[in-house]
Structures are given as C-alpha cells and as structure tokens.
Amino acid sequence: MTMTSPQVAAPTGEATPAGRTTRRTSRRASRRSWAGWWFIGPFMAVFALVFLAPIVYSIYLSVFRNQLIGGTAFVGLDNYARALGDAQFWSALGRVSLFLAVQVPVMLFIALVVALALDSGRLYGRSFFRISVFLPYAVPAVVATLMWGFMYGTRFGLVGNINQAFGLNLPSPLSSELVLASIGNIVTWEFIGYNMLIFYSALTVIPKSLYEAAEIDGAGQLRVITAIKLPAIRGAIVVASIFSVIGSFQLFNEPSILKSLSPNTISTYFTPNLYAFSLSFSGQQYNYSATVAIIMGLITMAIAYAVQVRGMRKER
Amino acid sequence: MSVQTAARHGSAGASSPARFRTTLRPPRTRRRSRRSVALTLLMGLVLLYSLAPLFWLLVNATKTQDGLLNSFGLWFDADFALGDNIARTATYDGGIFLRWFANTVLYVVLGAGGATFLAVLGGYALAKFDFPGRKAVFAVVIGAVAIPGTALAVPTFLMFSQMGLTNTPWAVIIPSLISPFGLYLMWTFASEAIPTEIMESARIDGASEARTFFQVCLPLLTPGIVTVLLFTMVATWNNYFLPLIMLKNPDWYPLTLGLNAWNAQAATAGGEAIFNLVITGSLLTILPLIAAFLLLQRYWQSGLSAGSVKE
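Just so you know, the protein sequences line up as chains A and B, in that order. If you read the first sequence in my numbering, its first letter stands for residue 569, the second for the next number, and so on. If you read the second sequence in my numbering, its first letter stands for residue 849, the second for the next number, and so on.
Only chain B is shown next, with the shape it has when bound in the complex:
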C-alpha cells in the first residue's frame, strides 16, 4: 500500500504516510509538539455530544420497558435486561427482526456490492480510456447528481409499479446500484493509482482489456474500492426513503423500516408499546456498520483523502 501512496501523493510528499498509519504523526507535529489541554477539553465537548446519544442507546438497551420509564436515562437500571431484550427482539412477532436483518444484508450485498462494482468499472473507464462520449458521460452524471433524490422517487415508483417491481427486493436493490459519488471517487482514485505504463505493457504482452483490468489494475485500486464499498454500504444499510416508498409487505422491510414500524406501533390503537425492543433493535442495527468503520479505518480514511475532497 505504501508504494501506491508514494505514487499517488507525489505532491503531498512526506506527509502522506501519516494519513495511512494513524499512529504515526507527521514530522511537523512531532517536532513542535505543543499539545494543549485547553483545546483537548474544548474538543471534548464535541466528543461528548457525539458519543452521549450512543451511550444512551447502550444503557437503555439494558432496561426493561418499565425500567425505561422509571430510571435515569444516562445510567443503568438495577435490572440488567440486555440479554433478555436481545432474545425478545429476535423472537418478537415470529422472529421478524431476523428477517429484516437478513433483508438488509441482502440489500447491502447486492445493492452496495453492485454499486461498488459498477462505480469501479466506470471510474476506471473515465480515468484510463479516451472514448467517444466521455465528456457527455461526465456532464450527464454530474448534472444528475444535483437533482434531489426525492424528485426521482415518485416517477421511479410509478415506473417500477408498471413493471411489477414494487413490493419486491428489486425495487430497493436496482436504484441502489447507482452511486455517482462512488463513480467520482473511483475516477479520481484510478487516475492516480494506476500508471498508464503498466496498462501499456500488459497490452504489449497481449493481455485482453478484461485481463488487464482484473489482474493488473484491480489490485492497485483496493483502498479506493474499500472506501466506495463502505460508503455505499452506509447508504444502503441506512436507506429509509426508498424502501418506504417501494415496499408494503413487512416481510421485505429492511431494519430501518422495521424499527420505525415497531416504534409507530405504540401510537396505534391497541398497539403494544415495545420501546425496549425498538431501542435494543436500534443498537443491533448500528453495530455492524460501526464495527466495519472501526476495523477498516485506515483504508477508508486514506481512500477519502486521496479522492473526492481534495481540490
């Protein structure tokens, strides 16, 4: 990875590796390290703001429905019911939560996986090929990005409804396949990560375009791919509006719709209030993504620095 780093960040020079290994500090800061307690405390407020709600979620996932009502919100109740809550979440209403979990995984694997695949191929084409219509592709994709997603929602729903796709997983998966952000990120990443000379020598050796891409170029794109995958995963895992429009049958709900339905249940006449399950379900919903972000930190942070946001 460090080889690519050096290649990609020719102009950034010595600072680049620091972004990859978060434990290393750039020479600059090590040299004149004047860490400030006051600044750290000030930033501690933002940290508190960011983490307190997550702590609240964790604490309250350990409480019974009664405990939620009768104990202080930011500390544990005497009755530690996390295991019980998880078991009830998983089995409530015939285990529908597990079904929602499986649906979400399905949407993420096919939607985010597919979106990443298309973005990698497309970004590679934009970065490394000069083809007729290249500028038009760029203009159309960038232009379409500025259009609010919801402006597309109603016509997409009507189109899919005529095609018989609504209320099926496809209605959620197909629109998730397009990530203009992913395309852009891969384009910037590929233009810097793949030296044209490598592609040319592969061609001289008689490799086909497909072989050049999969065997020579794809490995070089790994940090970019991980970044795009993470961001498309977040987008599909957290997707709410699209499935809300497309799906009526709770059996196809993703977790987000399911949790909202559980929460809304308390407000309906005769509905059982299951806020403890809503809270425990919420905790279970966010854990996989948080784990993914923590584990893949150095990949996505480097991928992001190299790509989108640099001017």
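One chain only, chain A, in its complex shape:
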C-alpha cells in the first residue's frame, strides 16, 4: 500500500502534489530555510535506517558468497549469473507473471464496475454497498487465507459440503492444478474493495458540470462512462495497476500460509518471494537470497515504470 510513481511525472517542485492548480497560492510558506528539517528530519532518520541502509546492505551482500572454506569471498556478479540460470527462480517468476496477467485484470475490472455502479447513483443502499465491499481489506491476509483455505477443503470445507449434498465430485481447489487460481481468488477477495475505493474516490471529484454538458448533448450512461468517467480517472487506474503489479510480484503471505493446509502442492519456490525466504531462513544462503530479491525488485520497478509511462502517454 504505497503511493508510487505516477506522481513522479508531476514536476515536483512546482505543482501541488495532487496536481491541482486552483489553490496554488496557499501551497507553502515562501521562506526558504532549514526549519522544515525539524519536521521531516525524524521521518528521514528512520527511513534511512529501515529503507536506505538495507538497500545498500542488500547490494553489498549480493556480490559476496559465503563459502565453507575461506569464509566470505567477493564474487562480483556470480550470484546474478547463478540466478539467471536458476530454473527454480524462473519457474517462480513465471508463476507470478501468470498470476499477474490473469488475477490483476479480473480484480481491477470488478472493482471498476462496482465503483462505476456506486457512482452512478442508481444503486439502492449505496453506502452499505461501499462499506461492505471494502470490509475484506481490513481482514489480515492470514485470516483471509485460513478462512478460504478451510472453505476450500474437500473433507470438511464448503467444497466438501457441496460434493456431499449434490453427489458431485468437484476437484479440490488446493490441488496442484487449481491452487494458483485459488490463491488468486483469495487475493481478489481481499483487494476488490481497496481498488474500488481508489476508483470511487477519483470518480467523486469529477466536476459535475461535465455531466450536465453531456446530458445536454444527449449522451447516455455508457457514453458518459467511456467519454468522461474513464478518461478522468485514468490516473487512479494507473495507480491501482502499479499497486497490483507490486503486490503480485511480492506474493508471499497467501501461498506461505496455505502451505500448512496443503503442503504438497505449494513448493518452497512457488513465488520468487517464497523462494528468497526459503533460501534465507531454511538454507542460510543470505547472499544468494539477497540477489534474488534485488532482481525481483528491479523487475518490479521496470514493469511499474512501464505501466506508468504507458498509462500516462495515452492520456494525451
């Protein structure tokens, strides 16, 4: 949950963060002085400790190797070369890429439809809908995964109930063919509401005069959506997409927790993150683990950046 790159596109010194022009005068006191550091200083001090130092340390770790004989040795880019030829790493990366390609569009589409429905004002019980769809976001990934994991169970879960009641033989959602889709379902459930809120918040600030103009021109609901609403919230869609890209590539909690309910279908290299975790904490291969994490970080940043560039270019 972090606000990322789209804002980089805005000229940082001059525009207001939200890119608005109307209240520029009240942006900040004009005096240029060190006084601001009294306020930003504490944040930056902790930030340096928990963000900057680990990044530097991580890079340092990735160019060494811990050998049984001779201790830690400088190996240059050997760890990176090893990762690029590591079938387990590629299999993990392939899995999260598939996840990204399927789960993210489904989730964002549903979230967008719900947001548009809420915004259309044609829904009964709008605020009930809004808060209810958002609620799963407040549920910890651990609880969400346990809940769904129990329901997935063919023995005493809901799937088992359905099989029993209707004499069916539905396949287990935790089987190796379906487990990735089952995880996708859990993640979708957790984050539809969050993304819906991002879209909905952006929709609510569209100037109403635009709708009135459209009404005068005789535009229907669908036309209003495609011609006014979607272009107006493009920025929010880009933000939500970037969050989802980062989230997909970082997939860890759900498979890691589901592993205890279904130990045979989720490997130690199911996702890149799970792989890096296993390397560190089961294998003590800290140097190689740091390398895998850095590569994933670079790939994530590259894709997030590409999404941003593409999303913003279309705007013109």
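Among these hints, one or two may not hold up.
[Stated by the list, open to error] Partial selection, computed: residues in chain A whose CB lies under 8 Å from chain B:
id, residue
1, 621
2, 625
3, 643
4, 644
5, 645
6, 708
7, 722
8, 821
9, 865
Please keep in mind that the hints were generated in silico from the structure rather than gathered at the bench. Note that CB positions come from ideal geometry on N, CA and C, so glycine has one too.
Since the structure of chain A is already known, use the hints to place chain B on it.
Chain B in isolation, oriented as in the chain A frame:
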C-alpha cells in the same frame, strides 16, 4: 470539518459535502434518481462474494471441533458453542492468545502511532516549507516505495540481528514506523488543508514553529491524520511477513503469527487439531479493525478522497 471541506475542494464545488455525509446524496443523483433494481441485484453478487466468507467465519466460530467436521458450513450447528470457544481461545496454552492480542496492540500503538506521527510531521514539512534538499527527499522516498518490501527483509533481518534487535518487539516496531503512503497522504492533505496565511499570522504573533504546528495546524489536519492512522493500523495489525522473519519466541508473536502457528499445529506429528480455536481466534482478530473502519467511516473516506488518489 465542513469549513475545511469547502477550502480543500474549491474545484469540486457543490459535490464535496456529499462525500462527508454519506447519507446525503449529491444534487445530481437526487434530481434524476433512476435507481435500478437490476444493477442493485448485479452488485448484490459482489456484495455476497465480499460478505459470505465473513459470514462463514461467524457461523463457524459457534461450532465445536466436531461440529466443524459434521455440519453444513454456511449454517449454524445445533450445538451453539461460541461462548465456549471464546473461553477456550482465551485460556488455551496458558492464555497465550491474550498475550498475542496484547503484543498486537503494542505493535499497533507504537508502530502505527509512530508511523502516523512521523508521516504527519514529514508531510507538513513537504507541504508547507521550502527547505534545502526538499526535492531530494521527495525523489528518494518515491523511488524507495517502488522497491518490494521483501527485498529489504533479508538485509534488515541481518542488520537487526547484528544489533541484537531480532526476537524483540523493536524488530517489529521500528520498520513499521515508516509509511511512505502515509507521508504522501499527509503531504497532499496538508497542502490543501492549511492556508499559508494562518501560519504567517501565527508567526507574526511571535509563535514558534513548534507552537504554530501543534496549536494552529494540527487541528486542521484531523481527517487526514485519522485516515493515515487507520491505514497504518491495518498495515501493522495485519503484518505477517516482518514478524515471521524477526520473531522466534512465541511470547512476542502478534495475532497473525499466533493463528498461523495454531493452524500449523494440526499438521505436526502429535499436534492437537484446534481448528475451532483458529476460527474463533480469527474472528476475534478481525473485529477490532472492522469496528474501527465502521465507526470512523466518514473520516477515512473523506481523507482518502482529498488525498492520495485524486489526479
């Protein structure tokens, strides 16, 4: 609050108050109210999807371990054991669940509270001061946000381990103190909520920077602060990866790690299956956050609209 609303949403005009008072509808929709049953039913499917698992959790928290295995998942069993389950959850293994609950509260109060405090101060500085290095701060923070948290996990663990912090509450609290999202939200919020003229007149009256901030500006930031607090609370209350790495001693576990340990217990040789306690514990874990979101609805919804997501 409505005064600030008007100030912040100069361009959004008449629609702004609607976002604050959810019971009021913007004039637009009231005027041409054509509510659709079909659309409501369609959205009802999403609603069902969102709420059904929570209903399942509620129903199954009332069942015994046997009832879990032998009754239909989406309805109550004849044997209503919610009270019993809660009592057993609280007392199982020497009351460790209550200890986890207390740990979680500790991490949330210090972690989320601290993160909000730092974000409010920092966002205020970015919004209202022109200081040397301001652009650099912005670039570094935004750049770092794109780095996956897990890329930081291993080196952070190794660093903390050398500092002797692992397996202590500090290992969970200190990394929770940074919320780039919170900083960003407070920055956007502060730039719109605090008129510079107010700060200038406070200075002319001889108020120090600290006094200007705490007495003049802080009250104006309340909806933003509540929003950031809620989101950092969710992040720390639901935190799993960080404590998983940092903590070995179950006495320092937060609820998330504890529940996972209880669940994993059934899979270990000779471990007692206590799924009813896992489920009841899960229900108890999510209640405080759901309550917070419901009670503070109008704050966080307005704070979010005003801040992050507007382009």
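A quick look at each hint next to the structure:
no. : hint : in the structure
1   : 621  : holds, 6 Å
2   : 625  : holds, 4 Å
3   : 643  : violated, 17 Å
4   : 644  : violated, 19 Å
5   : 645  : violated, 17 Å
6   : 708  : holds, 4 Å
7   : 722  : violated, 12 Å
8   : 821  : holds, 5 Å
9   : 865  : holds, 4 Å
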